[in-house]
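These are the residues of each chain, in order.
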Amino acid sequence: MKILVCMKQVPQKDAPLKLNENGTWIRDDVSYEVNEPDAYALEEALRQREKHGGEVVVITSGPPRAQQVLREALAKGADRAIHLEGDGFVTLDAFNTAKAFAAAIKEESFDLIFTGLQSDDYGFAQTGVILAELLGWPHATIIMQLEKSDSGIRVKRELEAGFFQFVDMPLPAVLTIQSGINKLRYATLIGIKQAKNKPLKKVSFDETKPALGDNLQKIEKLYIPQKTKKTEVLEGPPGEIAKKLVEKLRNELRVL
Amino acid sequence: MADSILVVVEQREGKLNRVSWETLTGAQALASETGWTLEAAVAGSGIGDIANEIAANKVAKVYALESPKLEPYTPDGFVAALKQFVEQKQPQLVLMPHTYQVRDFAPKLAAALGRSLISDSVGYKYEGGKLLFTRQMFQGKFAADVSFVGEAPYFATFQNGAFRGDQVQAGGALAPVETVNVEVADGVIRNKPEAPFKEAKQAVDLTQAEIIVAVGRGIKEQKNIEIAKQLAEALGGEIAASRPICDSGWLPMDRQVGSSGQTVAPKLYLALGISGAIQHVVGMKGARTIIAVNKDAEAPIFEIADVAVVGNLFDIVPPLIEEVKKAKSA
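Just so you know, the protein sequences line up as chains A and B, in that order. Using my numbering, read the first sequence as starting at 1 and increasing by one per residue. Using my numbering, read the second sequence as starting at 257 and increasing by one per residue.
Careful: at least some of the hints might be erroneous.
Residues from chain B shown here face chain A by an in silico Cβ test under 8 Å; the list is partial [claimed, not checked]:
{"#": "1", "residue": "D376"}
{"#": "2", "residue": "Q486"}
{"#": "3", "residue": "F558"}
Bear in mind the hints are in silico, worked out from the structure with no lab data behind them. Quick caveat, the model's predicted, so the values are computed rather than measured. C-beta: ideal position from N, C-alpha, C; glycine also.
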């Protein structure tokens with residue numbers, strides 16, 4: 001099986017984020033990491049290759065810093081990487097990002113494309129599904145299990161409120177992968193060494209541009225959300241905070 | 257049909273998903289602000305009852321998009337049906353609840369029409385003729401006001417809890433219901449879904465718990481779960497967790513609170529080291545009192561907390577256990 005994994009670099013989970021001067025985006029002097037569901041998507045691709053053979057290719061779009069995500073994926077065992085490199089990719093909406101990916105893989109023939117189910121920055125949860133539509137492939141979202149079948153694949157979709165569902169579908173297909181589908185591996189030293197010699201293809205924003213359209217949605221303003229709730233802040237040494245909390249639990253909430 | 261709003265309500269196995277009422281409430285408010293006509297649609301097979309249920313509310317018209325091929329749900333089937341319908345009706349705006357089913361087909365639907373979907377909105381603004389949808393970004397740390405560019409129809413989904421479903425306005429007379437027999441050609445539907453099932457019987461029903469002590473990534477290591485358990489025990493409550501904790505196997509899946517776990521509304525929700533990602537918050541924001549302990553003062557959990565303790569949970573929890581025990585034995 002030949003599998004493409006779409007990955008994204010996002011700000012680290014507990015990184016303090018600040019707005020830029022125009023209030024349109026965050027300041028980019030923060031630490032970044034791989035978007036968590038994408039890491040699970042990569043792991044699933046590697047496991048499928050170990051079972052069935054084939055190739056795992058990783059792709060990302062973003063400025064030069066985003067290459068780190070690809071390097072890590074290559075160190076974990078991906079065979080090669082594609083970097084749509086440029087600042088221009090950061091502000092693309094989901095439709096355009098999907099168009100950029102579709103254009104970049106025009107000459108390839110994948111059996112499967114994985115994305116994480118959503119990103120921790122924009123949180124669109126759309127790029128994978130739109131990519132399927134652009135390619136004319138079937139898709140399934142929020143996948144928790146994947147097996148090869150005679151006619152294609154059999155996947156387990158997560159539904160709401162603890163429900164799941166098995167779906168049989170033909171290949172090629174796009175799947176959006178849920179966190180927790182597997183256990184992540186670490187890169188080995190030898191893997192990190194080998195990664196340096198693996199192919200990493202770069203595609204510039206200008207090369208991609210003909211495939212893109214106008215963004216169809218625009219962030220007018222980014223801001224810290226207004227609080228709707230009155231929050232009481234407890235401060236002081238831990239012992240005192242504990243006393244105050246218990247007082248609250250007993251006298252105000254009456255749960256003690 | 258210019259200047260109209262179409263709400264696509266969600267049905268699963270012939271039942272209306274209650275979150276549809278929230279979207280309808282939001283759409284009613286938007287319709288009265290803009291003066292646009294509000295219509296609703298439901299897609300499926302044998303969905304007349306649902307269409308009638310919607311028609312009892314303040315909507316101009318309800319469409320039942322019927323085809324035997326729409327049961328069970330598949331993204332291919334739903335997109336085929338809704339694409340024809342939206343192309344023909346040309347509403348200004350199509351609104352849907354941001355459910356797992358909608359996220360499965362709505363991006364495809366919008367893309368198939370060459371249009372854009374603003375997903376997971378928590379509200380809207382209509383200012384000087386400009387329509388903006390507000391969505392959370394960076395896991396709730398920021399909010400963004402987003403506008404549509406280009407031509408309608410525009411698509412947007414509303415997050416669970418964005419509006420009050422119990423505030424939906426009833427209509428006067430029953431709105432007219434039109435059944436539209438949609439054509440889904442052979443071969444269009446490629447996925448073959450099986451019936452939904454529950455994994456294992458859930459041993460714990462967190463929805464009944466009055467006190468919940470929940471842990472998130474801030475707990476750091478599996479062995480640290482123990483102090484949270486001790487606190488839950490001292491309080492006479494249940495232990496719960498955000499998704500990453502259950503994914504790591506530190507607590508069983510039936511202890512998970514959030515969009516993919518249980519939705520709870522206890523008297524007290526004590527969140528320890530939980531950042532407050534949207535997926536978790538939708539499962540617990542109905543708690544009467546939320547106390548959050550987190551070392552990151554910017555954590556989104558504090559947006560919805562009644563009581564905020566900015567500090568290290570490992571410093572706070574041990575003395576808290578002692579104080580609770582003292583109070584109980586007093």
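Consistency of the hints with the structure:
{"no.": "1", "hint": "D376", "verdict": "holds, 6 Å"}
{"no.": "2", "hint": "Q486", "verdict": "violated, 13 Å"}
{"no.": "3", "hint": "F558", "verdict": "holds, 6 Å"}
Checked against the numbered hints given earlier, this structure breaks only hint 2.
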